[in-house]
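Trainee: Work out the full structure: start from the sequences and follow the hints.
Protein chains: 4
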Amino acid sequence: MKLEKNVIDAHNQSLAQKHKSKLAHFLEENEGADAHIQKLRDFQIAIPSWALGTGGTRFGRFSGGGEPANLEEKMADIGVLHQLNQSSGAISLHIPWDIPKDAEKIMSLAKSLNLKFDAINSNTFQDQPNQKYSYKFGSLQNVDKNVRDQAVAHNIEVIKHGIALGSKSLTVWLADGSSFPGQLNFREAFENTLASLKEIYAALPADWKMFVEYKSNEPNFYSTTVADWGQSLLYATKLGPKAYTLVDLGHHLPNANIEQIVSLLLMEGKLGGFHFNDSKYGDDDLTTGAIKPYQLFLIFNELVEGMDHAKMNHASGLAWMIDASHNVKDPLEDLLQSVEAIMMAYAQALLVDRKALKNAQQKNDVSLAQEILQAAYRTDVRPLIAEARLQSGGALDPVKLFRSAKVREELIKERGTETKATGL
Amino acid sequence: MKLEKNVIDAHNQSLAQKHKSKLAHFLEENEGADAHIQKLRDFQIAIPSWALGTGGTRFGRFSGGGEPANLEEKMADIGVLHQLNQSSGAISLHIPWDIPKDAEKIMSLAKSLNLKFDAINSNTFQDQPNQKYSYKFGSLQNVDKNVRDQAVAHNIEVIKHGIALGSKSLTVWLADGSSFPGQLNFREAFENTLASLKEIYAALPADWKMFVEYKSNEPNFYSTTVADWGQSLLYATKLGPKAYTLVDLGHHLPNANIEQIVSLLLMEGKLGGFHFNDSKYGDDDLTTGAIKPYQLFLIFNELVEGMDHAKMNHASGLAWMIDASHNVKDPLEDLLQSVEAIMMAYAQALLVDRKALKNAQQKNDVSLAQEILQAAYRTDVRPLIAEARLQSGGALDPVKLFRSAKVREELIKERGTETKATGL
Amino acid sequence: MKLEKNVIDAHNQSLAQKHKSKLAHFLEENEGADAHIQKLRDFQIAIPSWALGTGGTRFGRFSGGGEPANLEEKMADIGVLHQLNQSSGAISLHIPWDIPKDAEKIMSLAKSLNLKFDAINSNTFQDQPNQKYSYKFGSLQNVDKNVRDQAVAHNIEVIKHGIALGSKSLTVWLADGSSFPGQLNFREAFENTLASLKEIYAALPADWKMFVEYKSNEPNFYSTTVADWGQSLLYATKLGPKAYTLVDLGHHLPNANIEQIVSLLLMEGKLGGFHFNDSKYGDDDLTTGAIKPYQLFLIFNELVEGMDHAKMNHASGLAWMIDASHNVKDPLEDLLQSVEAIMMAYAQALLVDRKALKNAQQKNDVSLAQEILQAAYRTDVRPLIAEARLQSGGALDPVKLFRSAKVREELIKERGTETKATGL
Amino acid sequence: MKLEKNVIDAHNQSLAQKHKSKLAHFLEENEGADAHIQKLRDFQIAIPSWALGTGGTRFGRFSGGGEPANLEEKMADIGVLHQLNQSSGAISLHIPWDIPKDAEKIMSLAKSLNLKFDAINSNTFQDQPNQKYSYKFGSLQNVDKNVRDQAVAHNIEVIKHGIALGSKSLTVWLADGSSFPGQLNFREAFENTLASLKEIYAALPADWKMFVEYKSNEPNFYSTTVADWGQSLLYATKLGPKAYTLVDLGHHLPNANIEQIVSLLLMEGKLGGFHFNDSKYGDDDLTTGAIKPYQLFLIFNELVEGMDHAKMNHASGLAWMIDASHNVKDPLEDLLQSVEAIMMAYAQALLVDRKALKNAQQKNDVSLAQEILQAAYRTDVRPLIAEARLQSGGALDPVKLFRSAKVREELIKERGTETKATGL
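Residue numbers (my numbering), protein chains in the order written: chain A, 1 to 424; chain B, 1 to 424; chain C, 1 to 424; chain D, 1 to 424.
Honestly, I wouldn't trust all of these hints.
For chains that are exact copies, the list does not tell them apart, and a pair is met inside one copy or across any two.
[Claimed, not checked] Simulated pairs of lysine to aspartate or glutamate, DMTMM-like, Cα-Cα distance not exceeding 20 Å:
no. : residue 1 : residue 2
1   : Lys363    : Asp149
2   : Lys420    : Asp127
3   : Lys311    : Glu191
4   : Lys363    : Glu188
5   : Lys270    : Glu29
6   : Lys358    : Asp144
7   : Lys400    : Glu104
8   : Lys168    : Glu418
9   : Lys406    : Glu104
10  : Lys132    : Glu418
11  : Lys238    : Asp207
Source of the hints: derived by calculation from the structure; they are not laboratory data.
Mentor: So this is what it looks like as structure tokens:
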């Protein structure tokens with residue numbers, strides 16, 4: 001399904017007057033903030049192909065309806081999202097869940113939906129039917145060279161799919177690790193993993209990046225072979241200039257200061273991108289901004305500061321992706337909420353008075369530094385984001401329009417209630 | 001020191017026009033929100049007498065200057081805070097750090113500063129000079145009846161001081177616990193503590209409350225004898241109707257859902273009050289709202305819902321207190337920031353559309369429930385709080401006025417840089 | 001499959017001499033320890049019917065082979081375990097995964113395998129085919145009375161199955177909770193849950209117990225409606241004397257002092273039983289004793305002390321069950337290791353010099369208290385446990401015999417590699 | 001005070017027969033284990049000069065008696081410890097708490113006590129009287145070059161003291177960090193710290209090492225500038241071959257897998273040494289082995305494996321130190337218990353059947369790998385350690401002799417109850 005332009009227009013018309021008044025007040029209160037609108041418009045967050053269906057836990061899964069049953073339908077869903085918010089113009093594929101049988105056709109569909117292909121993801125954390133060797137005891141780390149070779153070959157295959165679609169980066173998330181003391185030799189697991197990654201790295205086109213994602217635990221419950229940013233950075237450094245660390249917000253030990261990690265990775269020129277989500281306990285994969293919106297702002301505060309310092313383009317310097325699971329919400333509504341929360345955090349970070357903050361820091365004026373950060377955070381930036389959406393052709397209130405346009409009902413009508421999107 | 005009325009007036013004058021415009025816009029956007037102004041004006045947060053000086057950690061303490069050297073000076077400091085924000089009209093004393101030698105004189109000073117005496121605090125976690133028995137191995141839990149008796153007697157003494165000052169509640173925070181497996185018999189420690197509390201409870205005046213505070217760890221590092229809300233509730237239930245649980249935001253294990261605890265304690269009629277602060281790792285005692293402002297809002301969301309359900313008066317139904325340590329900020333600025341953050345969370349909770357939220361909950365409409373909560377949270381409520389302050393005679397921008405009126409400089413002039421406030 | 005008695009005998013014969021020497025040394029070093037052998041023999045740990053197959057995470061599942069495909073085969077597996085260690089003489093069933101079609105036949109099978117039916121478990125955390133209402137948004141807590149009624153009816157059905165098999169207790173574990181702020185009204189969720197539990201409680205036979213299990217998080221990631229021991233105790237107290245709290249070792253927030261909880265629940269007469277497992281991060285469901293064996297000992301230390309104080313029979317006073325997931329080990333080997341670790345912790349706790357410990361505690365002699373506890377913990381109790389097994393007819397080295405007797409190979413031959421045990 | 005040789009001999013005599021029997025049984029059960037005795041004898045754990053007095057928390061401090069009042073007395077205390085266990089033949093000094101006024105005299109005292117000077121520690125986390133600039137906002141990270149220069153100069157001064165005493169390494173632990181978002185620019189704090197460390201590094205003698213210690217939090221509660229092993233490794237790598245990471249067991253986020261960190265640092269050739277202690281919640285600084293003895297064993301398991309792989313000498317390859325606080329125990333007893341726990345973990349790690357473990361790992365035989373590790377861990381190695389002590393001239397039961405010889409009573413007689421050791 002696709003929204004008609006006049007549906008969006010009518011929605012915007014109905015909210016236009018109220019929006020104008022809010023925006024005017026906002027711009028009056030935040031001098032010069034209109035300069036940020038273009039940055040907000042340029043900022044695109046990739047939607048992962050595996051997040052369009054109902055998620056589940058090891059205890060169960062409660063389906064919704066109208067889930068996309070194939071890649072084309074997934075892309076259509078993202079197309080609708082992008083029509084609504086004009087900030088979701090990219091898709092992050094997962095192989096083998098989304099193998100494009102006809103790349104050209106898929107490319108042409110993407111073009112018609114105004115979507116690009118962001119980082120492409122390999123999967124060596126599950127066994128596929130007819131797979132020769134099992135990943136039960138790890139893939140790139142495996143003690144058995146045959147298993148490692150198979151996993152390397154899969155990753156190279158994934159790169160090929162990515163090339164065909166115009167993707168420019170490979171995300172490697174490894175479930176590799178151990179669940180019991182003694183199961184692994186940590187050093188050899190690291191060395192095997194590094195050797196495997198080197199083979200994949202060698203297959204990267206010149207203009208590609210490799211993102212080495214880290215995670216503290218799950219699905220292994222004693223050790224993970226790329227467990228934290230320090231380990232990821234070690235791999236990325238040993239691999240070379242095309243290798244970067246990818247930060248998933250839910251992959252840390254309790255209480256980790258993620259914003260500091262972000263700042264240091266930027267300093268090292270080794271931050272590759274993000275998987276956004278939110279969490280309270282572990283890798284809960286909840287809607288971004290649903291639990292710790294201030295932390296999200298603090299992360300964007302470091303991103304803006306660090307990218308400006310390194311003279312990076314905000315929109316294209318890093319890979320921005322959502323990675324979440326939608327167990328109790330409509331996945332599309334959930335994604336709209338996540339994107340909105342990310343845009344808010346980014347906008348608030350843009351509002352931070354950097355010169356004043358720098359000045360306060362130089363004087364160790366801690367109270368004032370807090371005042372400056374919180375002044376930006378407490379600002380209601382919704383009018384600014386809505387305006388950016390409006391200028392790009394999106395909807396003033398995406399979730400509202402999603403509901404009033406009965407998108408889900410339409411999808412159920414089209415696809416039924418029994419389809420199940422591939423993914424977790 | 002005391003601020004002159006004309007200083008406050010001049011400050012307000014200078015910001016009046018801008019404030020009016022913001023307020024008008026706020027009220028236009030939030031229909032009916034002016035009804036909350038009186039609630040905000042009535043809401044008073046007690047300042048602990050031990051939080052007016054520089055705090056420290058076990059590793060060191062870096063003094064500021066102009067610290068209050070005695071109770072009268074502490075009250076003067078709170079008087080200034082209250083002049084600035086009109087929301088700090090209460091003081092929470094700590095015995096023996098603040099023994100009032102002449103209660104009547106202190107009462108009259110309080111009146112002149114427009115302050116009331118909130119919950120009074122006992123201290124059995126430190127040994128005082130000339131104390132007969134040591135609290136090294138606990139106080140109310142101690143295996144030695146002599147120690148327990150001494151601690152009980154101290155608490156009863158504290159109640160007497162409180163009576164003389166018009167306080168109506170006793171806060172019992174116990175450091176009692178153990179640092180090593182085997183050190184304590186948990187059951188007997190509980191039973192001793194309960195028996196001791198019963199003796200103190202028996203000495204409470206009819207219109208008093210006893211708050212049993214809990215804490216997961218520190219200064220004991222293996223067990224605490226009132227370690228969580230469940231244990232506190234067990235004591236409070238066994239003690240009787242005057243005993244309540246007190247929640248300190250920093251006293252929980254990592255990831256605890258404090259707002260749920262708050263809701264359940266209100267349900268049981270056993271929530272007594274709060275110690276506000278913020279933290280990232282443990283009992284960090286940072287400025288309220290400095291780390292997890294959304295959590296603070298969610299707590300107030302439960303407070304407003306639960307107190308309304310129980311038909312409690314927001315301002316007087318519970319005891320509202322700050323409990324923080326000020327290691328790197330000016331304590332008075334820090335307290336102003338804490339109070340502001342609390343008022344914001346309270347105002348945002350008042351803005352929640354309760355009927356719509358209830359409706360969404362009844363339909364399991366999770367996305368909508370989030371939209372409703374976040375709509376309130378994302379609202380910039382600063383104009384509303386400023387207006388409440390203004391109407392009560394406070395300053396539109398307390399921290400700004402604190403600085404422009406050179407309060408700290410004045411205090412240093414008066415008291416020097418070497419004074420040290422009693423406290424931690 | 002069933003082991004032949006002569007296989008066990010031959011195994012024991014081969015290790016007899018070595019065992020005798022170790023035992024003799026052990027008894028020489030630990031005077032009076034032979035008095036514990038009968039206690040160890042009496043101590044039986046129930047095996048959950050859902051733990052006999054390969055477990056999985058939300059990311060995947062890697063099958064082993066020879067898994068039991070039905071209740072009879074599950075019982076056969078437990079029968080083998082019990083033959084090997086003589087400490088697994090009970091089974092904890094899960095409905096609807098293990099509905100006994102012919103209760104009498106099942107009873108007779110159990111008798112032949114020397115097994116009893118321990119607590120029976122209901123399941124309202126998954127939807128079953130043809131179920132009228134969904135548990136997506138909770139069961140006993142649900143805002144919809146129809147859902148609650150369905151969940152209550154299921155639990156009553158489970159009790160009936162339990163009665164038919166001679167079980168004497170019902171374990172209620174609820175996944176009920178919420179994944180997002182605002183989703184639930186905590187108070188009403190509690191009240192609904194309590195009302196539902198009361199209906200189930202009313203259906204309990206006079207000699208039955210109800211175990212209310214708690215869990216901090218997962219599969220809900222914001223709140224759980226029976227989230228901690230305090231909440232469970234609140235329910236159990238409101239329900240009545242047949243309701244108890246059940247402790248699962250993996251269901252706590254980080255750093256929780258579980259042994260103190262155990263002690264206090266025993267004090268209150270409200271500890272019902274245990275789900276044993278081990279974990280490093282969350283509810284990892286690893287082999288008991290694989291990560292924190294000292295914590296397990298400290299828990300047993302409290303259990304022995306508290307049960308003796310309350311004059312409870314160690315073997316029958318509480319319900320002892322394993323609850324784990326076996327993702328990378330053979331489930332039967334894993335269960336043998338778990339039982340062994342539990343028996344060791346129990347034996348070490350029996351060895352604690354209680355009189356000396358009490359004495360040290362009375363003198364606040366913390367170093368000595370630690371020496372006493374660790375003296376017991378550091379003792380190698382394997383000979384004592386082996387002797388208890390031997391006297392009961394089990395194997396001196398269960399894991400070794402499991403392997404040398406090629407149990408798994410036999411099971412695969414019998415059942416093939418494609419069977420999948422119901423469970424998680 | 002110093003123990004007379006005949007006191008130790010008499011003690012050993014009294015326990016000789018029992019010891020011999022235990023040892024004989026142990027060696028019978030653990031073939032070839034006598035080969036480990038020399039390794040155990042060689043293994044020396046440095047005692048920090050700040051751990052000989054009563055520790056405290058920010059809430060208070062409860063003195064014991066007989067504390068050493070100066071460096072000579074501290075050395076005497078360690079001398080007694082070393083007499084008792086023959087494993088504490090080194091001291092780790094802290095400047096300015098232990099400035100040796102006459103280095104030669106101190107050296108000669110050390111010789112007479114059979115002590116060496118291990119890593120020497122600087123202190124830039126506290127202000128000293130008459131210090132020109134304050135470390136309130138950090139030292140090596142400070143925005144003010146004057147402060148950084150002062151801190152660098154202090155470290156260079158410390159190196160000089162170390163040279164005079166024959167020390168060969170400098171431990172740099174920084175409290176530097178921030179307590180509030182916005183307070184610091186993380187990148188600049190890192191860069192300032194690195195520049196400062198480079199100046200210190202440049203002053204290191206050719207045969208010295210620099211240990212860069214990391215800590216997740218405390219005394220700063222938002223960020224730490226050397227917060228985790230990844231950051232420490234980044235500094236150490238940028239500094240050069242003489243810079244290493246130092247691991248303090250209590251300085252991690254909850255649930256961190258320390259043993260994996262140890263293994264990877266060894267792999268990188270960048271592990272410098274250890275600060276041993278134990279903890280349940282944060283940096284609790286409890287007796288080593290008092291809370292998580294199995295974790296300690298797992299760490300030593302990696303140490304032995306990794307050092308053997310790198311052909312490092314166990315005793316001299318790394319710096320072994322205790323870093324703990326003694327709030328409720330006699331510091332000397334506490335240290336004896338810590339050393340004993342470390343020796344046990346080391347001995348158990350030596351007992352691991354490495355060949356069998358390797359083999360199990362190669363076959364992904366997870367159950368067997370666990371059996372192998374736990375077989376070593378469950379072994380009661382106390383007789384072996386006692387024998388190593390005996391052969392070196394120490395006491396069979398150090399804590400027992402400490403008590404029977406009334407060491408503490410003697411120290412109180414000598415020094416009184418009012419002395420206070422410098423330290424935390």
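Trainee: Run every hint past the structure and note whether it holds.
Mentor: For each hint, the structure was consulted:
no. : hint               : in the structure
1   : Lys363 with Asp149 : between (56 Å within a copy, 17 Å between copies)
2   : Lys420 with Asp127 : both (19 Å within a copy, 16 Å between copies)
3   : Lys311 with Glu191 : between (35 Å within a copy, 18 Å between copies)
4   : Lys363 with Glu188 : between (48 Å within a copy, 14 Å between copies)
5   : Lys270 with Glu29  : neither (37 Å within a copy, 44 Å between copies)
6   : Lys358 with Asp144 : between (53 Å within a copy, 13 Å between copies)
7   : Lys400 with Glu104 : neither (35 Å within a copy, 58 Å between copies)
8   : Lys168 with Glu418 : neither (34 Å within a copy, 40 Å between copies)
9   : Lys406 with Glu104 : neither (31 Å within a copy, 55 Å between copies)
10  : Lys132 with Glu418 : between (31 Å within a copy, 16 Å between copies)
11  : Lys238 with Asp207 : within (19 Å within a copy, 28 Å between copies)
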